[in-house]
Amino acid sequence: MTTTAGTADRAAAAFRSYLAGDSPRMADVVEAATPAMWHTARAVGLDATRAEDAVQQAWSQLVVHAEAVRDPQTVLAWLITTTRRGAIRISQQEARTRPSEDPSVPRQQTSAPDLITPSEGPETSVLRTERDRALWRHVSALDPRCRELLRVVAFSDKPDYAAISARLGMPIGSIGPTRGRCLAALRAALAADPSWSA
Amino acid sequence: MNTSYPVPGEYEPLDDIDRQVLSELAQVYTQVDPPPAGMTDRVIFNLTLAGLHAEIAELQRGEPALTRADQSVESMTFSGSRSSLMVTVTPDVDPEAPVRIDGWVTRGGTTVELVTADAVLARVADDRGRLAWEFIPRGVIHFVIRADDPSEPSTITPRVEL
Numbered sequence: 001m002t003t004t005a006g007t008a009d010r011a012a013a014a015f016r017s018y019l020a021g022d023s024p025r026m027a028d029v030v031e032a033a034t035p036a037m038w039h040t041a042r043a044v045g046l047d048a049t050r051a052e053d054a055v056q057q058a059w060s061q062l063v064v065h066a067e068a069v070r071d072p073q074t075v076l077a078w079l080i081t082t083t084r085r086g087a088i089r090i091s092q093q094e095a096r097t098r099p100s101e102d103p104s105v106p107r108q109q110t111s112a113p114d115l116i117t118p119s120e121g122p123e124t125s126v127l128r129t130e131r132d133r134a135l136w137r138h139v140s141a142l143d144p145r146c147r148e149l150l151r152v153v154a155f156s157d158k159p160d161y162a163a164i165s166a167r168l169g170m171p172i173g174s175i176g177p178t179r180g181r182c183l184a185a186l187r188a189a190l191a192a193d194p195s196w197s198a
Numbered sequence: 001m002n003t004s005y006p007v008p009g010e011y012e013p014l015d016d017i018d019r020q021v022l023s024e025l026a027q028v029y030t031q032v033d034p035p036p037a038g039m040t041d042r043v044i045f046n047l048t049l050a051g052l053h054a055e056i057a058e059l060q061r062g063e064p065a066l067t068r069a070d071q072s073v074e075s076m077t078f079s080g081s082r083s084s085l086m087v088t089v090t091p092d093v094d095p096e097a098p099v100r101i102d103g104w105v106t107r108g109g110t111t112v113e114l115v116t117a118d119a120v121l122a123r124v125a126d127d128r129g130r131l132a133w134e135f136i137p138r139g140v141i142h143f144v145i146r147a148d149d150p151s152e153p154s155t156i157t158p159r160v161e162l
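Top line first, the protein sequences correspond to chains P and S.
Residues 1 to 198 (our numbering) are what the first sequence spells out, left to right.
Residues 1 to 162 (our numbering) are what the second sequence spells out, left to right.
Because the hints were derived from the structure by calculation, they are not lab data.
Everything numeric in this text was worked out from a predicted model, so none of it was measured.
In this text, a Cβ means the ideal position worked out from N, Cα and C, and glycines have one as well.
Be a bit skeptical, because a hint or two may be false.
Which chain S residues stay away from chain P? Per the calculated CB distances, all over 10 Å, these [as the list claims (entries may be wrong)]:
#1 9
#2 10
#3 13
#4 21
#5 29
#6 32
#7 40
#8 42
#9 116
#10 128
#11 144
Residues on chain P that point at chain S, a partial pick, calculated with CB under 10 Å [as the list claims (entries may be wrong)]:
#12 10
#13 70
#14 71
#15 74
#16 181
Simulated restraints on C-beta separations [what the hints assert, rightly or not]:
#17 193/P / 6/S: 15 to 25 Å
#18 117/S / 20/P: 29 to 39 Å
#19 70/P / 36/S: 24 to 34 Å
#20 21/P / 130/S: 46 to 56 Å
#21 73/P / 111/S: 35 to 45 Å
#22 191/P / 160/S: 42 to 52 Å
#23 161/S / 94/P: 40 to 50 Å
#24 140/P / 121/S: 48 to 58 Å
#25 65/P / 82/S: 18 to 28 Å
#26 128/S / 70/P: 48 to 58 Å
#27 34/S / 96/P: 48 to 58 Å
#28 36/S / 89/P: 50 to 60 Å
#29 73/P / 150/S: 24 to 34 Å
#30 13/S / 133/P: 40 to 50 Å
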């Protein structure tokens, strides 16, 4: 386990100060957590405008219901979970307003609908190295839930991998942070690819 | 997850290569799909408003009414549950010139702040609730109606463009 203060620790430290009355420290919570929240909302499949809405809503909820975060140390995980729930709700509202939707098809309640595949939308031409392109290729080949999990986890703190994957409904082991199915699958694909040598 | 077979290595503890892969993955996502410019600032701005624990007043815009030949006065009413503020904006003949703003708040003695892009101009209403601001540059403004009791929430109006 790493001992350097990661995203979760930075967010938690600033959030504790905020709760203790140092309100400007909320800006530090925002700086630390917003990238992870953005990638969480995008991983659910929202376009940029709606993804920002989902992030804004999660922050509003934190300010109004700061007491809902029972353990300040988990504020990043709370924000990620809240962003994801809000993003799924926004995504379902959009799906409902689509006229072509067949009402006889039950809607999935627990998983994110209409996941974008990483090969569409994002600007992949910016990837400069063969190593980055190889990583992108292999992560794109994972199933959507693994892509979502790894995208969210990559932007949170490494020790949070177990907690976040459990919150995303993908527990990866009962004791300690293990690699988990998604990361193990990605590792195996990368190991077999000569253009990505770790 | 409906896959029943295990993936090799899935129960191994996280090692340095795993951390390296996740860190490179974050870099790749940052390159292909970064958060929009200014998003963090927009979040902080919205939270600053929310942090005042303020109520957002509703805006009812009045019809522009002609008073004198070349001056149209616009009135707006902001209604909150604790207090309401009505303002009229009297522009100069020159459409680019600063404006005068007269306000009436429901309770005399209330402090109302006019917030422009670069200043917060506080006024205390007289005993009949009247307030006035002169030479207000055009742009986006909003008002904050301070509660008499500091423990009570303030009321913030939506932003309006002069």
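Verification of the supplied hints:
At roughly 4 Å, the least C-beta separation between residue 9/S and chain P is not larger than 10 Å, which violates its mark as non-interface. The beta carbon of residue 10/S sits about 4 Å from the closest Cβ of chain P, which is not more than 10 Å, so the claim that it is off the interface is violated. Interface exclusion of residue 13/S from chain P breaks down, the closest Cβ pair being 6 Å apart, not more than 10 Å. Some Cβ of chain P comes within 10 Å of the Cβ of residue 21/S; the nearest lies about 6 Å off, and the non-interface call is violated.
Once the 10 Å rule is applied to beta carbons, residue 29/S is inconsistent with being away from chain P; the minimum gap is 6 Å. For residue 32/S, the shortest C-beta to C-beta distance to chain P comes to about 4 Å, within the 10 Å cut-off, and the non-interface label is violated. The non-interface label for residue 40/S is inconsistent with chain P: the shortest C-beta to C-beta separation is roughly 5 Å, within 10 Å. For residue 42/S, the shortest C-beta to C-beta distance to chain P comes to about 7 Å, within the 10 Å cut-off, and the non-interface label is violated.
Non-interface call for residue 116/S relative to chain P: holds, since the shortest CB-CB distance, roughly 22 Å, exceeds 10 Å. Distance to chain P confirms residue 128/S as a non-interface residue, since its nearest Cβ pair spans about 35 Å, more than 10 Å. Against the 10 Å criterion, residue 144/S stays outside the reach of chain P, whose nearest CB is about 16 Å from its own CB. Interface restraint check: residue 10/P against chain S, minimum CB-CB distance 14 Å, threshold 10 Å, status violated.
Interface hint status for residue 70/P: violated, as the beta-carbon distance to the closest one in chain S is roughly 21 Å, over 10 Å. Violation of the interface hint for residue 71/P is found here, the shortest Cβ-Cβ separation to chain S being roughly 21 Å, above the 10 Å cut-off. Checking residue 74/P against chain S: minimum C-beta separation of about 19 Å lies over 10 Å; hint violated. The interface hint given for residue 181/P is met, as the beta carbon of that residue sits about 5 Å from the closest beta carbon of chain S, less than 10 Å.
Checked against the given bound of 15 to 25 Å, the beta carbons of residue 193/P and residue 6/S, roughly 22 Å apart, stay inside it. Look at residue 117/S against residue 20/P: about 32 Å separates their beta carbons, and that is inside 29 to 39 Å. About 31 Å separates the C-beta atoms of residue 70/P and residue 36/S, a value consistent with the hinted range of 24 to 34 Å. Judged by the Cβ atoms, the range 46 to 56 Å given for residue 21/P and residue 130/S is violated: they are separated by roughly 37 Å.
Checked against the hint of 35 to 45 Å, the pair residue 73/P and residue 111/S passes, with Cβ atoms roughly 40 Å apart. Against the hinted window of 42 to 52 Å, the Cβ-Cβ separation of residue 191/P and residue 160/S comes to about 60 Å, which falls outside the hint. Under the hint 40 to 50 Å, the C-beta atoms of residue 161/S and residue 94/P, about 30 Å apart, miss the expected range. Between residue 140/P and residue 121/S the C-beta distance comes to about 54 Å, which sits within the given range of 48 to 58 Å.
Checked against the hint of 18 to 28 Å, the pair residue 65/P and residue 82/S passes, with Cβ atoms roughly 22 Å apart. At roughly 50 Å, the beta-carbon separation of residue 128/S and residue 70/P lies within the given 48 to 58 Å, and the hint holds. At about 30 Å, the beta-carbon gap between residue 34/S and residue 96/P misses the expected band of 48 to 58 Å. As the Cβ distance of residue 36/S to residue 89/P is approximately 21 Å, the hint placing it in 50 to 60 Å is violated.
In this structure, residue 73/P and residue 150/S meet the distance hint of 24 to 34 Å, their C-beta atoms being roughly 32 Å apart. Take residue 13/S and residue 133/P: their Cβ atoms lie about 29 Å apart, and the range 40 to 50 Å is violated.
When the structure is compared with the earlier hints, violations turn up for hints 1, 2, 3, 4, 5, 6, 7, 8, 12, 13, 14, 15, 20, 22, 23, 27, 28, 30 and for no others.
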